[in-house]
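Chemist: Chain by chain, the residues run as shown.
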Amino acid sequence: MTQAPAPRRKVDRDEVFVEFTKSICPMCKTPVDAQVNIRENKVYLRKRCRYHGEFEALVYGDAEEYLSSTRFNKPGTIPLAFQTEVKDGCPLDCGLCPEHKQHACLGIIEVNTGCNLDCPICFADSGHQSDGYSITHEQCARMLDAFVASEGEAEVVMFSGGEPTIHKHILDFIDLAQARPIRNVTLNTNGIRLATDKNFTAELGTRNQAVGKSVNVYLQFDGFDERTHLEIRGRDLRTFKQRALDNCAEAGLTVTLVAAVERGLNEHELGAIIEYGIDHPAVRSVAFQPVTHSGRHVPFDPLNRLTNPDVIRLINEQRPDWFRKGDFFPVPCCFPTCRSITYLLVDGEPGNRTVVPVPRLLNVEDHLDYVTNRVLPDAGIREALEKLWSASAFMGTATTEEKLRAAADALDCTDGCGIDLPQAVKNLNDKAFMIVVQDFQDPYTLNVKQLMKCCVEEITPDGRLIPFCAYNSVGYREQVRAELSGVPVATVAPNALPLADRLTATPYGSKTAHTTREEGESSS
Amino acid sequence: MTRPPSGEELKVCCAAAYSSDVVALLLGASYHPGGTALTRRLADGLALTPGARVLDVASGRGTTALLLADAYGSDVDGVDYAPANTALAQGAAQAAGLTDRARFTTGDAEHLPHRDGVFDAVVCECALCTFPDKARAAAEFARVLKPGGRLGITDVTADTDRLPPELSGLGARIACIADARPLRQYTQILAAAGLSTLRTERHDDAMLRMIDQIEARLNLLRITAAARLTEAGVDLTAAPAVLAAARTAVADGVLGYALLIAERNPRLA
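Going line by line, the protein sequences match chains A and V.
Just so we're aligned: 90 in full-length UniProt numbering is position 90 of the first sequence, and the numbers increase by one with no gaps anywhere.
Just so we're aligned: 170 in full-length UniProt numbering is position 170 of the second sequence, and the numbers increase by one with no gaps anywhere.
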């Protein structure tokens, strides 16, 4: 007897295809087609390189929010100058090329590659290295001029590295910035010099007093466990951080605590970092950045990495009395999925705080919806919220403080009980606290759709403004370092678990694809 | 057991809340749960064609009316009980360049200053719950609608018999839920006025969001002006329990927010 064959049935795919875009091969950095798919309310980017095969990474932990945030996408502003031409297409023409959709909210100048730490996690691949570079006064001036030529009046320049505080001319560089139409300087540092050199901290404090200018500190601060320090920084820096913050408070400097967050390392410390920041007089904001898997980092699973919604969920879980879903709002100046921000009004004593997230006081979405809302209750409030929900917003700058006051006008209350609420809120500036969650792209997650609207740019000594995530992911960082140091630099590949057997270490601790003969021939 | 308040007491409570502007103070005069996203959802249910004549009852500062005029090309009349709101809404229409399509007047929802059968649609957001004579207001909606014209409502729903005692004090006063009705009672009130409900939707998340907002503003007042708040009769020590009770009531389905689309019975005289 023969059994009748089972009828063949068509089967549905297990994912929703939502975008066709471009990315790069994380191994050879060649631009490749990519697709964005949704599975189980999570968003994944998948791509295939003809030489190196298929790659897939989690890019957003909440598909519903990924889709609904599209209406908070602000029309870009055209910069005053573009530095390159469109030739090979995104992401090979950086930058900025005339196809770029947004001006630079924030310009970054990396003053050196050297650092007084050798952190296991460093997207810049910096450390105690003798073959790197340090920029000169002339180079710094040219970089600042390029930024001003593109922006006119620029809001913020960030000095970074390497470790910028060990550059012997860093104070001169800040002076060069302050001599130009650049309102604010932010110094991105591990805090060792701030902790150990009070004169230096005082010099920063003096520059923070300059009329119409500010100098703020962006302090690397990953948590409180010894393990967190050892695994992320290679050294227990807890007393340094404490002393750096105390010195900043004494010098009148405003500090943002910046935590690199990695799965299985310090994801349990987010609430504690916020609370510590609220309690410390120098700290006015916290920035959480899921570890950027560019440069040097610990092995990771691209399908189980942290994204903005994951970080926000952890914050909500760790301080449920303070935060709920909906308290963070996506930033419209870049692509809304790149960055989310909330502002808090904080009162009371340590241990007994009243915390009021500003998005609970006013319907931010009614003001920052660029697709469906053309009529606005008040254009002034939109402008204030745009400046607050921006990559150029930093606590300690006059613009951010002023816009916090202006946003109070959205509290459209009447004076019925003799309390003018907007007026009362305007006096609350020292109680305002900011939290930023920013997921930078890496060679696995890069989506040119987001890159084309990036508003955080690396300024190069030859006067280009390269989107931060392109700089780290596409190979620009390696090119610039090789040019400036005169030492060849290997193309860095992410230290991802699926690639483990195809990588070798570079001299700086990052990974590079080991080139087999066949690959070398076919990809050349 | 707490004696349930009488109808008259409720009216007084609700009116007092509005006249003393505690609600406006806490949430803003133009506040309604769900924001413009819910307004759009409501408008989509009204089958508006460009140039359709729409009446916005309790138009506040004009947010809903201007959205309808701009995004839907409607010709909108707004009516609000507070002259101050009328002025603000007129100013907003001017700023938006929509004065040719959006007019605002001061008037009473229970005695609308409009002729019979002139509107293609009537909208009323977060206000029916506050009208003392709901049947009268519904009859007015029906009167000014053309036969077949649509009514769109978003409003607080409350199963008043099951509301916890905490919500008959401060909570009722600030959120004005004391005279809100269960969704089915709204449809009955409308039906009695000749308005057949076509569709209802629950949007209880919007209510939760409103509770969050009330809590946030109470906290803000505590930070900025605790003494004045006490003078205004808002008991801050009771607030956490009231807000918790309100959240529980939403979770239990006793308190919520709903969207409702109804149609004027074509044969209504």
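Derived from the structure by calculation, the hints contain no laboratory data.
Please note: incorrect hints may appear among the correct ones.
Which stretches of chain V does chain A cover? Using the computed rule of at least three CB atoms under 8 Å from a CB of chain A, they are [claimed, not checked]:
(1) 128-142
(2) 253-265
If you only want the chain A side, here are some residues facing chain V, beta carbon under 8 Å, derived [stated by the list, open to error]:
(3) Leu80
(4) Thr84
(5) Arg324
(6) Leu345
(7) Leu361
(8) Lys431
Treat the numbers as computed from the prediction; the structure is a model and nothing was measured.
Here a beta-carbon is modelled for each residue, glycine too, at the ideal position from N, C-alpha and C.
Chemist: All hints are to be evaluated individually against the structure, with a verdict given for each.
Modeler: Checked hints:
{"no.": "1", "hint": "128-142", "in the structure": "violated (count 0)"}
{"no.": "2", "hint": "253-265", "in the structure": "violated (count 0)"}
{"no.": "3", "hint": "Leu80", "in the structure": "violated (30 Å)"}
{"no.": "4", "hint": "Thr84", "in the structure": "violated (39 Å)"}
{"no.": "5", "hint": "Arg324", "in the structure": "holds (7 Å)"}
{"no.": "6", "hint": "Leu345", "in the structure": "holds (6 Å)"}
{"no.": "7", "hint": "Leu361", "in the structure": "holds (5 Å)"}
{"no.": "8", "hint": "Lys431", "in the structure": "holds (7 Å)"}
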